[in-house]
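S.K.: Sequence:
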Amino acid sequence: MIKNQSFKMLALSFVPFIMVLGNSMLIPVLTDIKRELNITSLEANLILSYFSFSAALIIPFLGFISDRIGRKKVMIPALILYGIGGLISGFASVFAREPYKIIILGRIIQGFGAAGTSPIAMALVSDMFSTTERGRALGIIEASNGIGKVLSPILGSLIAMIAWYFIFFSYSFLTIPVAILIWFVIKEERSHAERKNLSIYFSEIWMILRAKGLSLVVCLFGGFGILFILYGILANISDILGGELKSNLLKRGFIVALPVTTMSIVSYWLGGYLQHKRGIYKRMITYSFFVCIVALLWIPHGKSFMSRLIILEIIGIVTGTALTALNTLVTSCAPPGKRGVITAVYNSCRFLGIAFGPIYFSNFYGANYKLILFTIMTGGMTLLAQQYLQADRMLEYFGAKK
1 MIKNQSFKML ALSFVPFIMV LGNSMLIPVL TDIKRELNIT SLEANLILSY FSFSAALIIP
61 FLGFISDRIG RKKVMIPALI LYGIGGLISG FASVFAREPY KIIILGRIIQ GFGAAGTSPI
121 AMALVSDMFS TTERGRALGI IEASNGIGKV LSPILGSLIA MIAWYFIFFS YSFLTIPVAI
181 LIWFVIKEER SHAERKNLSI YFSEIWMILR AKGLSLVVCL FGGFGILFIL YGILANISDI
241 LGGELKSNLL KRGFIVALPV TTMSIVSYWL GGYLQHKRGI YKRMITYSFF VCIVALLWIP
301 HGKSFMSRLI ILEIIGIVTG TALTALNTLV TSCAPPGKRG VITAVYNSCR FLGIAFGPIY
361 FSNFYGANYK LILFTIMTGG MTLLAQQYLQ ADRMLEYFGA KK
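According to my numbering, the stretch in the sequence shown is residues 1 to 402, in order.
These are computed hints drawn from the structure, not numbers from a lab.
Note that the coordinates shown come from a computational prediction; the quantities given were computed from them, not determined experimentally.
Using N, Cα and C, we set each Cβ at its ideal position, and we do this for glycine too.
Incorrect hints may have been included.
FRET-style restraints, in silico, Cβ to Cβ [unchecked claim]: (1) Q386 with I180: 21 to 31 Å; (2) I102 with W206: 13 to 23 Å; (3) I80 with Q387: 37 to 47 Å; (4) K251 with I280: 16 to 26 Å; (5) G380 with A96: 14 to 24 Å; (6) E43 with L181: 34 to 44 Å; (7) S41 with P77: 31 to 41 Å; (8) I280 with E36: 13 to 23 Å; (9) G213 with K251: 27 to 37 Å.
27 Å max Cα-Cα, derived DSSO-like pairs, lysine-lysine [what the hints assert, rightly or not]: (10) K73 with K370; (11) K370 with K34; (12) K72 with K187; (13) K73 with K187; (14) K251 with K338; (15) K338 with K72; (16) K282 with K338; (17) K187 with K338.
Put together the whole structure using the sequences plus the hints.
M.R.: What follows is the structure, given as structure tokens:
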């Protein structure tokens, strides 16, 4: 990457970093929020899930808009909205007598803002880089996403030592500098924004969906499934650790950060490794889901503290492996003018996984049927990927920049 492009990559890498703070800073303090607001574990997890639900709903719409008016014009207002949502939740926590519903409202608004951050940045990076550079650039984006996940539980724990609701206010303080940086640094090429008739536009999108067939469907479900597992376990293991480490909030944050540290390292390394290894994408995805099944079957036997940490590390490794491969496949299956919507649908599936995971795993350890059902679903996903995923077909536009 040339120096100018590297500086742009640095600016864009802050966008996914900011986005992941939305949920990850709150994960280690969910137990404290539950206690302070006198709510159930499910209601506490919904503070995460509503953020992700609202983002998942609006991501495809913003992807369509970004294809027509440009990525930058969507990303900057989205960052501002993200900060406003945090302020609403923060002020509700301080001044409202019954703050829970208003906190949820703020989280929904914050989710709308999050929809225009990392997913749009991913599409913009794909527009900026071509051929072998794209895999590495997307690896950097996924790594910055991972670094945000690494630092955010620790940062959230540190902020919560002052007061748990300070986390909501911190979102606005962090987004404004990033929005300013994007405004001045990113100069988007106009050729990437297309203003075609809607019927023509969507007919071309439908042609891509038909052309890629089950390969694209497998990638969409793959993005959903891998983050469903990661966030489901993280959200609920923080509750378990909260019971064991009630007086040590910072240690709780460090433990939650362990698997995403591993995920970040794996994503960054694979981003460079995959530049000349187009033939292994399918195996990376299928092996990752197979390892997930083994790890999930281990959960009921993970009675000791160390066993749970090992399970978390395994999940972190396979998450980084699968997401790096899936990101490259999805962003390389369409030309730049159509990439925004395709990438947005993919990221919508990812957010849905983040939304449903904490809810599904809330009683995972005490409900054997959930383990059995999820093992069947994950096994089915592995078989589908093995049977129908055609990596070469998905990489048709791997070298296309304009």
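S.K.: Each hint should be assessed against the structure and marked as holding or not.
M.R.: Hint check results:
1. Q386 with I180: 21 to 31 Å: With Cβ atoms ~46 Å apart, the hint is violated.
2. I102 with W206: 13 to 23 Å: 41 Å, violated
3. I80 with Q387: 37 to 47 Å: Because 45 Å falls inside the window, the suggested range holds.
4. K251 with I280: 16 to 26 Å: With a Cβ separation near 38 Å, K251 and I280 fall outside 16 to 26 Å, so the hint is violated.
5. G380 with A96: 14 to 24 Å: 45 Å, violated
6. E43 with L181: 34 to 44 Å: 36 Å, holds
7. S41 with P77: 31 to 41 Å: 35 Å, holds
8. I280 with E36: 13 to 23 Å: 48 Å, violated
9. G213 with K251: 27 to 37 Å: Between G213 and K251, where Cβ atoms are some 48 Å apart, the hint is violated.
10. K73 with K370: 43 Å, violated
11. K370 with K34: 24 Å, holds
12. K72 with K187: Given that 27 Å is the threshold and the Cα spacing comes to 8 Å, the pair holds.
13. K73 with K187: At roughly 11 Å apart (the allowed maximum being 27 Å), K187 and K73 satisfy the hint.
14. K251 with K338: 45 Å, violated
15. K338 with K72: 16 Å, holds
16. K282 with K338: 24 Å, holds
17. K187 with K338: 20 Å, holds
Violated hints, listed in ascending order, are 1, 2, 4, 5, 8, 9, 10, 14; each of the other numbered hints is respected by the structure.
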